[in-house]
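Enquirer: So the sequence lines, in the order shown, correspond to chains H and X. Quick note on our numbering: the first sequence kicks off at 28 and runs consecutively. Quick note on our numbering: the second sequence kicks off at 11 and runs consecutively.
What the hints contain is simulated information worked out from the structure, not anything from laboratory work. Predicted model only: the values in this text are computed from it and were never measured. Do not rely on the hints blindly, as some may be mistaken.
What follows is a set of in silico ranges between Cβ atoms, one per label pair, in the way DEER data are often shown [as the list claims (entries may be wrong)]:
| hint | chain 1 | residue 1 | chain 2 | residue 2 | range |
| --- | --- | --- | --- | --- | --- |
| 1 | H | A189 | X | G277 | 43 to 51 Å |
| 2 | H | T80 | X | T221 | 31 to 39 Å |
| 3 | X | I92 | H | L269 | 51 to 59 Å |
| 4 | H | R274 | X | L199 | 53 to 61 Å |
| 5 | X | W250 | H | L269 | 29 to 37 Å |
| 6 | H | Y159 | X | L280 | 29 to 37 Å |
Listed next, the stretches of chain X that the computed footprint assigns to chain H, with coverage defined by at least 3 CB atoms under 8 Å from CB atoms of chain H [said to hold, decoys possible]:
| hint | segment |
| --- | --- |
| 7 | 225-232 |
| 8 | 320-334 |
| 9 | 370-379 |
In this text, a Cβ means the ideal position worked out from N, Cα and C, and glycines have one as well.
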Amino acid sequence: MLEYIIKRVLLAVPTLILISIISFLIIELPPGDYVTAYVARARDAGEVVEESTIKMLRAAYRLDRPFLERYFHWITGILLRGDFGRSLDYSKPVGEIIWEKLGLTVTITLFTVLFTWVVAIPIGIYSATHQYSLFDYIFTVIGFIGAGIPNFLLALIIMWLAFAYLNAEVAGLFSSEFVNAPWSLAKVIDMLKHMWVPILIVGIGGTAGLIRTMRANTLDELHKPYVTAARAKGLPEGRLILKYPVRVALNPFISTVGYYLPGLVSGALIVAIVLNLPTTGPMLWQALLAQDMYLAGSFILILSTLTVIGTLISDLLLAWVDPRIRYE
Amino acid sequence: MSTTAVVEAVAVSQPGDTAEEKVFVASQWQLMWWRFRKHKMAMAGSIVVVLFYLIAIFCEFVAPYDPHEFSARYVYAPPQKIHFFDEEGRFHLRPFVYERKMKRDPETLRPIFAENTSGRKYPIYFFTRGPKYEFWGLFETDIHLIGLGPEPGKGTLFLLGTDRMGRDMLSRIAYGARISLSVGLIGVLLSLIIGILGGGISGFFGGWIDTVIQRLIEFLRSLPTIPLWMGLAAALPMDWPPLRVYFMITIILSFIGWTGMARVVRGKFLALREEDFVLAARFAGASEMRIILSHMVPSFLSQIIASLTLAIPGMILAETSLSFLGLGLRPPVVSWGVLLHEAQNLRTVALAPWLLLPGVFLVITVLAMNFMGDGLRDAADPYAR
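If we strip away everything but chain H, and leave its shape as in the complex, we get (with noise of 0.2 Å):
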């Protein structure tokens, strides 16, 4: 196990180093750079900017020097004194933004994979086990339709929903009084009774992934042999699908979560928007809106990075589960 450990956070590596080039890569992209940005802004400003100035603030933050060397320094910086670079916008540091949304955006995605496997796992089995019956197309109808309409259009439609007949906004983490409050209970609890929209939102996609996953999954396990003399030794139905073929049903289950990680990711992200929410994705929107690139360049290389690790942890679990992987 330990050898597996080791070989698969050394093949992460790599992938880490591509998403920072790529990240930086993003960064520098847009025509112009950090100092013609900040310099447009001074002016419009009614600032005067001398020529000098341009230049020593070019010199400052390496623009004169080539695209590896500036590569180096922004990673190793970040790498090593946690530095993200500036915010144009904010006219702070990137690291002291960036943390707390980074922090909700996590929380709201670790809830939105429980959800999933509480929904999409009892559902699964059951449409397996009750294949054609009544439930069974009632679920399949609802897992088509949950794939097929996008997240950011179903967020769009209970939002307008919840406020033209219910006269409720959904839009957003917290109630007003607790936007501004520092950490407390009352707000933390504040924010699981607003959570329950955004999760459902960006959960019933990949729910309805999942559930015909774990469907079909748990079909083909279900007529082996192993079942059938399971149920000739008396064994109760119950205890026997949990027991041997949901346990072999599972193993693909929890390697198709790596696979649906990414995708969550991005779901959150919109929606996040749509509603509203104090996560990294409205930041990150408004950051490329603004071409604020560093920012939006640290929230890719994080949220990516994120994501790879997600990845990483959900194969470790996989080959946990299921010891052939480590032999392999």
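Dock chain X against chain H, hints included.
Expert: The following block gives chain X in isolation, referenced to the frame of chain H:
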């Protein structure tokens, strides 16, 4: 079907047994069609898909108005009802719409539209004359699928309502279909080309080239696509002409979307490389190119088409999401995402729920394509049982 089963089936079938015989002599594509035809949902989905693509191709003809024609008098007008019976209950074979009066809410000054049932009735004509347009830039004409005829007077035909500038939603959705549906198609074709190149090279050469390409694919698949797409799309200069933005967005989408295609192609290449008929062709002295093009490609073409169909909805959704966020296509280009961008404000939607209609068309398209792709995938291998 195994060989013995075929022999048995042939032995059982009598000379007059035409249905059985038809199966034995049918071509691969014919077998696929027969199998596909049985899949009811897939057939329904295909009809919808074909219909929507026809709308996209002939959108100037389908749309009753110019999608950019605005009027302050019809701001946020709700969809008009089509009537067959008039106020006295008389039946009219030709459907009509009533004249509408706009009043203002005395408190909010919001426009309110009311049907004036005692006023003029405007019959709806098919294949009638309307605003002039240039069809595909080829010739000028003014024939529209529906309209109020050449003399509409003060009558309007806003079957799906109007937006904040009084532009006809039906016309805008029809024009949006052209952009949204073609982004999906072109994007998927682009990713097919990259995918066939990548997957083909990977599967054909094997060895370290295969490892590198597979690592690259795994890498791209492990990334959350939306932030990456957003970052790349936001980097496009604001002053680019719409057409160039459109192509760049499509390229950005297929830049990440090709990985699924490459996996399918590589898998098929690897599986078919070991098949007897490939070995036979090689013994017969066929060149590598000939083996690939005339022996291998035809046998996995159907599977490729099925995965292509299943990949289109993803592309359409991606374009819509990006444009919805204001990072993809931008007005004056009309796509479903651009239209939904207008529905971002909750209060606006509560006022004019018909602004969400492009989303309904989007969902129908995605569902129809998923059903069609499922049917194609099941039919793609007609020899499997």
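Enquirer: In ascending order, which of the hints set out earlier in this document are inconsistent with the structure?
Expert: 2, 4 and 5
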